[in-house]
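Asker: Listed below, chain by chain, are the residues.
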Amino acid sequence: MLRIENLEKQYKTGDHALKNVNLVVPKGQVMALIGPSGAGKSTLIRCVNRLVEPTSGRIFLGDLELAHLGSTELRRARTRMGMIFQEYALVERLSVMENVLSGRLGYVGFWRSFFRKFPQSDIDEAFNLLERVGLEHMADKRADELSGGQRQRVGICRALIQNPDLLLVDEPTASLDPKTSRQIMRLICELCDERQLAAIINIHDVLLAQMFARRIVGLQLGSIVYDGPPENLNPEVLTQIYGEEDWEATIEKVKEEDEELDTAALLNIAKVSPPS
Amino acid sequence: MSQGAAIRRWKRPPFIKNPTLRWGLWVGAAIYLALAFGTMEIDWNRVAEGLTRGERFLMAFFPPDFSSRWDSIQDGILESLWMTITSTVIGIILSVPVGLGAARNLAYRPVYLFCRGILAVSRTFPEIILAIFFVKLFGFGPFAGFLALSVGTIGFYGKLLAEDIEDMDPVQAEAIKSVGAGWLQWLNYSVQPQVMPRMIGLGIYRLDINFRESAVVGIVGGGGIGATLLTSFDRYEFDSAAAILLVIISIVMVMEYSSGYIRRWVQ
Amino acid sequence: MPVREIADKKVWQRRTTRAQFGTWFGWLLGVAIFVYCWRLISDKTIWFFVADAPKQAADMAQRMVPPKWSYMEVLWAPVWDTVNIATLGTMIAIVIAVPVAFCAARNTTPSVHFVRPVALFIIVSSRSINSLIWALMLVTLIGPGVLAGVIAIGLRSIGFCAKLLYEAIEEIDQSQVEAVIATGAARSQQLSFGIVPQIMPAFAGISVFRWDINIRESTVLGLVGAGGIGLQLDASISTLAWTQVSLILLVILATVIVSEWVSAHIRHAII
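Protein chains in written order, with the numbering used here: chain A, 1 to 276; chain V, 1 to 267; chain G, 1 to 271.
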């Protein structure tokens, strides 16, 4: 689905954020991108939808080359990539419904969006998504009245209503408490499964990454230093990514927490419903 | 062990640490004040004469004379109000594109500099100087005052709008961009909701300022209540002047209270 | 609620139908008021002059260049006066505004029922009258000259400074004051140790800010005879000496820019 070739990014300040990154994410795969702060995780996913302009290299979404698109084609391409942000990035003074519908902006004309006259099919889909994440009763609340976890679910709805092929997820749990973090991660992974979406999830919490992703890519100083299944993450690899630290505890804990997780799953409020 | 050395004195450290600079500033200020007062030519006899007149003026407020010039007061006030409303509306409408262009995070560099230039020029000159020139160009009457106030509004509102846009949360804006929204949609969905409440408040505030200013552009022939006020002062009709001042103050107070109310409601 | 169900489908609108009508009606009313006001202004305008204005403006601009630089000799004194009017006026205003502000602030006023309304009244009446009108009054009373200008600027600025200052006083952190009270301090000590340090930056900022505004305002006071560069502007315009007018405008521009620069630097140094 997504293929990145020789991607380089050097900021004007001289920071060499990405060095010769090559990556392929097939359809339906959820990939977690881990690494310390400043490793270039955020830059990488922002280069994909060109909120950050890559310096060189090529990015393919399906067969479409993204790095050199003109502004109209770029807009069209962006509709195919949903993005979920760290601090939710909801427009706080718009209602939940308006925020969700803003995901359709690439599909409707200016005047329709200006008068909030979205097609009924978009509105049906918005209600479906809100129901799916358990927020349908909040549709007309203003976004700044919501709690962190609720906001992030609205952010997920906004990304999914774009009907994307690819999800770019930037630190979805950074501002959430541990329990909500897991719920959000689980929700994202389930939705990707249901819709067979490819996803790149930036996350600095190694435990969460191991729990939910089937593939982990470790980034260090702009280069990929690990690419493989979560089980193979051993202290050596983590040291390579993050530097010297006692990693045994982290890996031990994963096994214990897996059991906890099963009980947590029973309490989960976002009920899993098979896609119709 | 000598006890003498153990006495430790404490004094609050001065605000300016460098003593030369500190004393220099004091001396400089003193010299400046001496010079300023020295060059001020004051005719004390005239001032003394003024005091008795001042008494008459104060007495004129008890009671003010609304009736004898009521027609021209009414005309002037209404004209001021029309000018206030039209100039605020037109000024704000025109300042939106200028303000968008003057926001560093929105506009390309040449556009930014051009719009900042417009704002700087329209903000430098007080409305009253603008009014003088517009009266020369367009003739006496409210149109000149309307234009002067509109230009003033552009400078004020455009600058604040630009600053507000520069201060907005870039992540919310980025999020809307990432869904593939067009430029106008992006403005409508991410910029507008963020700046709107404050801008409505500022618009009402500007309405308030424009009314106050509309009371003075008449002094140079720009229409409104100012002309009436000038005439009554020139003729030493203090009781009419008092009436006009009271009308102005009460309208300003009504506006201020209602604007505070509206601002709270918008939030 | 904007969400309705029609034939099993949820329909969403931004507003309820009623709110939608309300909004449209509001816009209609607004436009109607604007058009009405515009008609009244338009009735009092001679459109022939307006149509002629671009030509006039070009003509005027042509007569303005080049500025008569030699006239600068005459202008130094008025510029000095203008700066003095602003500076002295601001000083007077501050001296009066401080006690007024303390009387107007809810947490420091001696009496909420008697002193506070008086202080608020002083603030409102000072603020609602433009400095040019104050100058007009004072010129009639004490005669033309710089003194009238200084007092006019002072009177106008009292309200402004006092309002911002009393808002700053009301927003102070009360726990710091409580800590000072807890040491058994007298009222005046509470003031100087608990409140004054907290409002000092705001106070300095307000003074400099107002001084900056006052420079701008004092450039026009001369139009009604209250001294400063406005006198020369008025005289030059009425004698149609356009090359002098352009020089005066440049001088005003320069003064305002310099004052803005100075105030920005002082504020930066203080805060």
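No wet-lab data here; the hints were simulated from the structure. Heads up, the beta-carbon is just placed ideally off N, CA and C, and yes, glycines get one too. Be aware that one or more of the hints could be misleading.
[Unchecked claim] Cut-off 20 Å, straight-line C-alpha distance, at most; resulting in silico cross-link-like pairs (EDC-like, lysine to aspartate or glutamate):
#, chain 1, residue 1, chain 2, residue 2
1, V, Lys136, G, Glu260
2, G, Lys10, A, Glu248
3, V, Lys159, G, Asp234
4, V, Lys159, G, Asp43
5, G, Lys10, A, Glu5
6, G, Lys10, A, Asp227
[Stated by the list, open to error] Partner residues aside, some chain A positions facing chain G, computed with beta carbon under 7 Å:
#, residue
7, Arg93
8, Met97
9, Phe127
10, Leu221
Asker: It remains to establish, for every hint, whether it holds in the given structure.
Answerer: Now the hints, each set against the structure:
no. : hint                  : verdict
1   : V:Lys136 <-> G:Glu260 : violated (29 Å)
2   : G:Lys10 <-> A:Glu248  : violated (53 Å)
3   : V:Lys159 <-> G:Asp234 : violated (29 Å)
4   : V:Lys159 <-> G:Asp43  : violated (32 Å)
5   : G:Lys10 <-> A:Glu5    : violated (45 Å)
6   : G:Lys10 <-> A:Asp227  : violated (45 Å)
7   : Arg93                 : violated (13 Å)
8   : Met97                 : holds (6 Å)
9   : Phe127                : holds (5 Å)
10  : Leu221                : violated (38 Å)
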